[in-house]
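Top to bottom, those sequences are chains A and B. Quick note: the first sequence, position 81, residue 80 per numbering that gives the first Met the number 0, numbers continuous. Quick note: the second sequence, position 44, residue 43 per numbering that gives the first Met the number 0, numbers continuous.
Mixed in with the good hints there might be a few duds.
Which copy? The list can't say, so a pair holds if one copy fits it or any two copies do.
As the list claims (entries may be wrong) - Listed next, the in silico BS3-like pairs over lysine-lysine satisfying Cα-Cα at most 30 Å (straight line):
1. 92 - 122
2. 158 - 42
3. 143 - 132
4. 72 - 122
Derived from the structure by calculation, the hints contain no laboratory data.
There are 2 protein chains.
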Amino acid sequence: MAASPATSRITATRRPTTSTSKSRFDRRLSSILAHAINVFYEKGYEGASMRDLSRASGMSLAGMYHYFESKEKLLYLIQRHTFSTIVEQLRGKLDSADDPEARIRILILNHLEYFLANQKAMKVLSHEDEVLKNGFGVEVRALKREYYRICRDVLDDFKRANQVHFSTRVAVLSLFGMMNWIYTWYKPRVDGDAAKLAQEMGDIFLSGIRDGKPARKFARVN
Amino acid sequence: MAASPATSRITATRRPTTSTSKSRFDRRLSSILAHAINVFYEKGYEGASMRDLSRASGMSLAGMYHYFESKEKLLYLIQRHTFSTIVEQLRGKLDSADDPEARIRILILNHLEYFLANQKAMKVLSHEDEVLKNGFGVEVRALKREYYRICRDVLDDFKRANQVHFSTRVAVLSLFGMMNWIYTWYKPRVDGDAAKLAQEMGDIFLSGIRDGKPARKFARVN
Numbered sequence: 000m001a002a003s004p005a006t007s008r009i010t011a012t013r014r015p016t017t018s019t020s021k022s023r024f025d026r027r028l029s030s031i032l033a034h035a036i037n038v039f040y041e042k043g044y045e046g047a048s049m050r051d052l053s054r055a056s057g058m059s060l061a062g063m064y065h066y067f068e069s070k071e072k073l074l075y076l077i078q079r080h081t082f083s084t085i086v087e088q089l090r091g092k093l094d095s096a097d098d099p100e101a102r103i104r105i106l107i108l109n110h111l112e113y114f115l116a117n118q119k120a121m122k123v124l125s126h127e128d129e130v131l132k133n134g135f136g137v138e139v140r141a142l143k144r145e146y147y148r149i150c151r152d153v154l155d156d157f158k159r160a161n162q163v164h165f166s167t168r169v170a171v172l173s174l175f176g177m178m179n180w181i182y183t184w185y186k187p188r189v190d191g192d193a194a195k196l197a198q199e200m201g202d203i204f205l206s207g208i209r210d211g212k213p214a215r216k217f218a219r220v221n
Numbered sequence: 000m001a002a003s004p005a006t007s008r009i010t011a012t013r014r015p016t017t018s019t020s021k022s023r024f025d026r027r028l029s030s031i032l033a034h035a036i037n038v039f040y041e042k043g044y045e046g047a048s049m050r051d052l053s054r055a056s057g058m059s060l061a062g063m064y065h066y067f068e069s070k071e072k073l074l075y076l077i078q079r080h081t082f083s084t085i086v087e088q089l090r091g092k093l094d095s096a097d098d099p100e101a102r103i104r105i106l107i108l109n110h111l112e113y114f115l116a117n118q119k120a121m122k123v124l125s126h127e128d129e130v131l132k133n134g135f136g137v138e139v140r141a142l143k144r145e146y147y148r149i150c151r152d153v154l155d156d157f158k159r160a161n162q163v164h165f166s167t168r169v170a171v172l173s174l175f176g177m178m179n180w181i182y183t184w185y186k187p188r189v190d191g192d193a194a195k196l197a198q199e200m201g202d203i204f205l206s207g208i209r210d211g212k213p214a215r216k217f218a219r220v221n
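Using the sequences and the hints, build the whole thing.
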């Protein structure tokens, strides 16, 4: 994981303050989070211990407790980093497009690109969706809601522009399902890269919602 | 879980042979599997012990080891039961319909009905997808492939009938994703029952693949 604006937003409990140590700290933190992702991926969150996390990252067990307090905190930092990054990248890319269909294509490509570049992290996130409680959970859920709301607004713009009708909630969450489920089946040699998958899923999804005109819908149902 | 043809196919290692004890055995086995699903759901597969499983089901620890050998065997029995049942129910329902679109609607409704009626089991299965190794894993993967193949054939029939073109693999797996992901978001009061969701997802998915004509597709992309 390279240092990025999102990485620098990740703050552990006790953080050095000088700027040199800060960037070194960020790199170290990124590396520890990457190791923690591997451990959670291999052992599951429940099956992983602070000792496993310490061994994998090369930090002493005392150091792990000092900086991260608990494996819950590590999971929180991983989740916060992931959702902040996806949201930040999406906002940046959406700024460059006005066409509602193009914006949906951007959303799909951004999600799949991030997902395929961070498959282990995404599997950990899918599996440990409800582990975080209290403050950590509240913060991560707020980030997820932010992401959901951006996607919902993109779809609502499409509905207005094309005068079509469908449940935005079911459509957004169906699209998330199409995209997130790839961690169970994606094979690079068979399925190609994120751009190819985004094209194919985008074709199905966009045709699917473009057809949501009440007249045609009712004609089909009856 | 009621006794069903699929339940009776679930055979533990040492099984009594008389017919009276057989049906009692099946009921007892169904009840133990239901308790095991709860434990795996609450604690995760890694986090659950045979002691937890014994406590929840009311069977002695020695009895658990005698009849089930390991928690892996229990997970295998749960997975085998689930996929056998879904496949069996789907085959029965597909027999009654010839129209390719109606058959896709049947597939979606069958999947969502089973999913919503067995949400805990489906979450356990989604999470512990790759746990089973060797013989258990081989058998469950064969059942999953059987289910995948039925769905693939249903979609291929639709393609032929409508002379449309899309990747059947991406379409089937996207549809599985749309449907399976609901375990992360489904709220009965907001989203309604399986029939309502199946209608909405079916509308999006069927419009999505119906539009897969190369001429229109290329016109849209360029």
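How the hints compare with the structure:
no. : hint      : in the structure
1   : 92 - 122  : within (24 Å within a copy, 34 Å between copies)
2   : 158 - 42  : neither (43 Å within a copy, 42 Å between copies)
3   : 143 - 132 : within (15 Å within a copy, 34 Å between copies)
4   : 72 - 122  : both (18 Å within a copy, 24 Å between copies)
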